[in-house]
Amino acid sequence: MLAAEALELSSGWFLENAWLTGLIPVIGFAIIIAFGKKLPMKGAEIGLASMAASLVIAVGAALQWVQRTDSAEGHSEEAFGLLRAFGRSLPSATEGEAEPFIPPVVKTWVWWQNSGLEFGIGSSIDGLAVLILALVAFIALLVQVFSIDYVRDDRRYTHFFAAITLFAGGMLIMVMAENMVQLILGWEIMGLTSFMLIGHWWEEEANSRAALKAFFTVRVGDVGLLVGTAIIFFGANQWAVDNLDSNGFNIAAIQAWALSGEANTQFLLWGAVALFIACIGKSGQFPLHTWLPDAMAGPTPVSSLLHSSTMVVAGVFLVARIYPVFWEGFNIGTGGLSFIAIIGSITIVIAALLAFVQDDIKKVLAYSTVSQLGYMMLGLGTGAWLPAVFHIFTHAFFKCALFLCAGSVAHSGSHHSFDMKKDMGGLRKKMPVTFWAWIISTLALTGVFPFAGFWSKDEIIDNVGANGYTFLQWVSLGGAALTAMYMTRATYLTFFGEPRGAAAGHGHDDAHAEEHEMEHISVGAPEPRSLSSAANTQHGGEGSASDEPHGGHGASAAVDGSDHHHDDHHGDHHGGPHESGKLILVPIVILVFFAIVAGFANPTPLASRFGEGVEVLKTYVEPRPTPVIIEEFLATGPGESVALTEASAVVAAESGEEGGKKAGCGFTAPEPGTACFFPGVSHAEPKFTKILLSLAVVAIGYALAIAFCVSFYGRRNPKLVGLTERNTVLRGGFLFLKNKYYLDALYENVIVRAIAHPIAKMAYWVNQNVLDATVNGVGIGTRKTGQWVYDNIDQKIVDGAVNGSGWAASEAGHAMQPTQSGKIGQYGALLFGAATVGAIVLVLVNVS
Amino acid sequence: MSAVILAADDVNVAQNVGFGIIAAIMIFAALKVVTTKNVVHAALWLVVVLSGIAAQYILAAAEFVAISQVLVYIGAVMVLFLFGIMLTRAQIGKESDLNNKGWALGIPVGLVLFGLLAWVILDAFGDDILPDSGPTPTVSLSDQFLSIYLVPFLAISFVLLAAAIGAIVLARKD
Amino acid sequence: MLAVNFLLLAAALFAIGVYGVIARRNAVMVLMSIELILNAVSLNLVAFALMTGAVDGQVFALYVIAIAAAEVGVGLAMVLMIYRNRKSIALDELSEMKG
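Residue numbers (our numbering), protein chains in the order written: chain S, 123 to 970; chain C, 6 to 179; chain G, 323 to 421.
For reference, chain S alone in the conformation it holds in the complex (with noise of 0.2 Å):
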């Protein structure tokens, strides 16, 4: 059992040039700047092509990742096959435990060097990279292909794909990041790019600030990036150096770092605080969530890529790459209340309230964006982390197929507008291959079985649980409720009822303008006028002309929405709603279709029925927790295949439970010469009852919503209507929802004018009560002994003195006037002088 047979962990072609996936997109762009406008497709070609070339190298990477672990399986599984057999009947915690962790494929070149550290440039391959790497660029490949059709004729057609090229670059090149300082570069190139493709109609106002807030507000949060990065680095640098032949800066050392016991805490918490701190930035939570909705104001394909699977994806990556870090930090392993579920789940349901009160249909899903994100990172800091990355994985499908569904709608259904109540409703008929994707795409979003949500969100609903967070779990479960009532709701909206404004058939050019300013709602002023009383107005007006859909009634589409926004940018008209072309369909068709299958990459629950072998992610994209020789380690270069001993694996399985007390990676301190980069989280045993629970709860969920939307929008039920007029304490809520927890108005107001407001009334009080009253006071009383003073001192003694001065100035300047000539060589002359005769002085003072 214990033969020293070396394991040979295969490489290969596309694991070792993994990198050139983050370099093809970065070339593309280049080559799209320079020459985009002279090619037959405007740039588009290159920008497509860089992506292909880069998802079949991810998906050869993938494949040749799923080769090594299978290279290292073949070899552990006589030395563990006992352990095996009884695998299923072992707790899950010390199952995963006795196999060999797989060092990730390193390749580097030296980016740069200062002072004996070396930053190093190059790729670090490991499960969860190849995930991120093929998702990345699969979906972004897609959201080009739609975007071929969708931006066509924009005038920035051609910077549009160099910067949506740039922008999937930056993410892989962020995903393969060895180093913290490579993982920085291509945070901040999405950030720069984000800017950009939000910004991408700048001509318009709210577009710019838009793109403005989103990058300033990511900003703040990327300080915590900096100063956590400088963290860790101070922190672990030493123990690099001494250990495994690195610095603070790789991430593999940080990681090993860590978990290795010797960390320091102090450094390990406030790193993982700052660290955190630009998650939030990034990835929309609370409190810094505020950025995603407005991102909206970019086109479409942008915020399907931004929202599924690169911008807001990277805080959560960050998390799940150094999860060590976190697990250490914020005590995770030991069922601290950690801060990033607290954040996550604050985040969940609040994100989640805010997309009931939207009528855009694109801020709907900017929330629900925003919401999810709130289930990984609950995930992550819950101890739940392959659910979270797994999460990741599926939620970019049916996000990006449902931002694409939205787009779908806007340019072909609605005249594009996003406005959900004045310019959509009916459009099933009109749109059947955009309705059905929505429909399937919001079963998957809200965790229907079996789409790929279900399998996902309730894993980590079930592991939060399972890792003892009860009441996180109830949340959460609460979160999943909601989440089918505002899909539920912007359904109805899109795709039921009668058609409204441009969904319709009105043209922009409707004649009644008038009555549409009037409905509109203006949030926060003295007497607002509640939407459910707006939205019952307009119907009121439809009334008797409901069953002639295409008459002249209801909301038309003017252009004054302030709430709502138009992609009309290239002019171009269409009559009524019809079907969009192929060149979007056929995107939206294939992302439904991994919306449906992408949960079998890891169905737990089919585990105990089908063997372990249907849990590929669990199988392939999970490090081991396993402690590793250190010697052996460092000898894993690139382009070789590394041989580990089964000495490391040993060392696993004598770990494990010890005396009920959890043992191993991540718990106890690994032993000396060996190290861990990963802590062993543990996975919750899939349980009938929680399925059961879980889907009644959304299903109670969906026959609630479905009920109010009939009821309300549909049927104009009186006592639903003009509710939130009449109940003050409903009111008071959906106002408070409305103004986005006045969270926007916290920070401009608030927290920006904080020191100048404050500050400048105690000046102004001080100034009314404590100055002018001393200065009241004193005034009466010098009165009389001013005008002694103005007698005899004033006239005489100041104003002779006054005088005097004004008269020696005068005559000091008339004196100095030759200086100032404006001539130049004087100038020199009387600088090099008195450069001089200063020198002279210097030199006197500091001989004598």
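I should point out that these hints are in silico values taken from the structure, not numbers from a laboratory.
Ideal Cβ positions, reconstructed from N, Cα and C, are used throughout, including at glycine.
Hints may contain errors.
Claimed, not checked - Cβ-to-Cβ under 8 Å is the rule here; a few derived chain C residues that face chain G:
no., residue
1, VAL22
2, PHE24
3, ILE26
4, ILE72
5, GLN74
6, ILE79
7, ALA81
8, THR93
9, VAL114
10, ASP133
11, ILE134
Given chain S, put chains C and G in place with the hints provided.
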């Protein structure tokens, strides 16, 4: 000055003689640069000074700096000066009004400055003897540039780029 | 060789350069005088490098050469523009002071 040189022991006489000759030529040429009445002649005298500096660099065992001096100053900067002179249509012959009205002010300033510097130098380094040194390997210079002086190196690259662009923008006709 | 040899030569060039900056009226001539000053400084740096045995001084001399090249480029471009606008590069005519 010669007294100082001869007073020192164990100095390399040939090196000193060479230094003295070149230094004399340089000071003469420098004086001609600032006194000649012909702009083109001034530029040519400047070439002499710059070549002299390059020769002094070689005496000071700084071969690479000397080569750079020849390439950059005599090769590039002087051509720029000659172009500048031509493009501003300076007279090729003598010019009477090359000096300011207050030019005489420069004499006392220059003399006082030199006196002060000379006194300080003699006071501080009066009898420091330079070590005899072989040529500095260029590798050691490049090591410095690409390690501890990397950031200034990058900064200076940007300065040069900015200067090139700035010069084009300034001198462009439109 | 004595350190003062180089230092005194550099001081002399510096003083001559200062005289040139003060006395000369033609902008190109002023630029030439500035070159003298810069070269004097470089000579000092190289001499000190020899004295201390470290090459840092030579590195800085190279930086000075690079800066001088940039300075001459921009300076002459400015002179050209002044000439184009005023048909003269006499520095004492550039004054627009009324005093």
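Now the hints, each set against the structure:
For the restraint placing VAL22 of chain C at the interface with chain G, the shortest Cβ-Cβ distance is roughly 11 Å, beyond the 8 Å limit, so the hint is violated. The criterion of a C-beta within 8 Å of any C-beta in chain G is met by PHE24 of chain C, whose closest approach is roughly 6 Å, and the hint holds. Below 8 Å, beta-carbon pairs count as interface contacts, and ILE26 of chain C has none with chain G, the closest being about 12 Å; its hint is therefore violated. For the restraint placing ILE72 of chain C at the interface with chain G, the shortest Cβ-Cβ distance is roughly 10 Å, beyond the 8 Å limit, so the hint is violated.
With a least beta-carbon distance of about 6 Å to chain G, the hint placing GLN74 of chain C at the interface is held under the 8 Å criterion. Of the supplied interface hints, the one on ILE79 of chain C is violated, with its beta-carbon coming no nearer than about 11 Å to a beta-carbon of chain G, more than 8 Å. Taken as an interface hint, ALA81 of chain C checks out: its beta carbon lies about 6 Å from the nearest beta carbon of chain G, inside 8 Å. Look at THR93 of chain C: its Cβ gets to within about 5 Å of chain G, closer than 8 Å, so that hint holds up.
The interface hint given for VAL114 of chain C holds, since its Cβ lies 6 Å from the closest Cβ of chain G, which is under the 8 Å cut-off. Hint status for ASP133 of chain C relative to chain G: holds, with the closest Cβ pair at about 4 Å, below 8 Å. With a least beta-carbon distance of about 6 Å to chain G, the hint placing ILE134 of chain C at the interface is held under the 8 Å criterion.
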